[in-house]
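So the sequences go chain by chain: Y and E.
The C-terminal residue of the first sequence carries number 140 in the numbering used here, and the numbering is unbroken.
The C-terminal residue of the second sequence carries number 1165 in the numbering used here, and the numbering is unbroken.
I should point out that these hints are in silico values taken from the structure, not numbers from a laboratory.
Just so you know, even glycine gets a beta-carbon here, dropped at the ideal spot from N, CA and C.
Please note that a few of the clues may not be correct.
Label pairs and their in silico Cβ distance ranges [said to hold, decoys possible]:
hint: 1; chain 1: E; residue 1: Val1097; chain 2: Y; residue 2: Ser111; range: 45 to 53 angstroms
hint: 2; chain 1: Y; residue 1: Glu4; chain 2: E; residue 2: Asp1053; range: 27 to 35 angstroms
hint: 3; chain 1: Y; residue 1: Phe12; chain 2: E; residue 2: Arg1147; range: 27 to 35 angstroms
hint: 4; chain 1: Y; residue 1: Ala134; chain 2: E; residue 2: Arg1137; range: 41 to 49 angstroms
hint: 5; chain 1: Y; residue 1: Pro78; chain 2: E; residue 2: Gly1041; range: 24 to 32 angstroms
The lines below spell out each chain.
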Amino acid sequence: MTEERTKIARQFIEALPHCRALGMKLDSIGQGEAEIFMPYSEALIGDPDTGVIHGGAVSALMDTCAGASVMSHPKSGPATATIDLRIDYMRAAKPGATITAHAICYHMTRSVAFVRVSANDGTSDVPVAAATGAFTVERT
Amino acid sequence: MMRAKPEPVQVVKERRDAALAALVARVPYITFMGFEFERRGDELTAIMPYRPDLIGNPTLPALHGGALAAFLEVTAIISLGWSLIWPRMEAGEGVEVMPALPKTIDITVDYLRSGLPRDAYARAEITRAGRRYASVRVEAWQDNRARPTVQAMGHFLMPELEVQP
């Protein structure tokens, strides 16, 4: 994807109201792959005893990143919607750390896009969470 | 033998509502998202009041899939936490110290319809609650109860409860 298209995709994703509310930022996008990060915020804490971020916020990040990878796929239509998303939480994210999601749209049929996403906090090779999802492919 | 006089209903209700409020208030993310919980006996209904910052698709407009996923996950966790508190509270034990909340192992979210820019409601059904693992099914709807917006199935790791002396 050209720099110009990345810029447009960044503006589009960062302007989505719920993505803005969670402070998501687009790192890179193109050819069915996307990377979006979410800085740590105390408002997103799910476990008050440890300060670990809530799984729900991580889910929202991974869903956004997966959708972005679908939209950046060369064969994608103008929009997409999640059909299903299964998320495995492997470990707690480190309190204070930015979480980065990386999504790959690895297959696309005429109506369905298949995506794998992982989320990492930069402290280990083991991701915080991993997800697989199916998304709609809009045809014009 | 005389049976103990039952507690006034208002006292019972206040105790239960206070325990639920304390459970929910511990999680900053729930406050951030504006989720609320209503109680009928031991049954909980979660509410996600509509807010413009929950939108993920401004063209339709539709709620963000991630906001709906978070709503289902929070509903499942609070419902499980509540299921730990309730029997203790009803047995007359103090619930000043809240148990740690269950941790999500995995959750599969099924998007059935696009989320309308209106309030959403959710209820969780604990299919199995073991000592270590729990399976929960949770469903959210908006205008029509018979037309769910999203449903999810999740597995959770239960907190280790301290052994009573």
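Supplied distance hint 27 to 35 angstroms, evaluated on CB atoms of Glu4(Y) and Asp1053(E): The hinted range 27 to 35 angstroms holds for Glu4(Y) and Asp1053(E), with Cβ atoms some 28 angstroms apart.
For Val1097(E) and Ser111(Y), compare the CB-CB distance with the range 45 to 53 angstroms and indicate the outcome. holds, 52 angstroms
Is the gap between the beta carbons of Ala134(Y) and Arg1137(E) within 41 to 49 angstroms? 20 angstroms Cβ-Cβ, so the 41 to 49 angstroms window is violated.
CB-CB spacing for Gly1041(E) and Pro78(Y) relative to the 24 to 32 angstroms hint: violated, 48 angstroms
Cβ distance range 27 to 35 angstroms for Phe12(Y) and Arg1147(E), holds or violated: This hint holds: roughly 30 angstroms between Cβ atoms.
Figure legend: structure checked against the earlier numbered hints; hints not met, in rising order: 4, 5.
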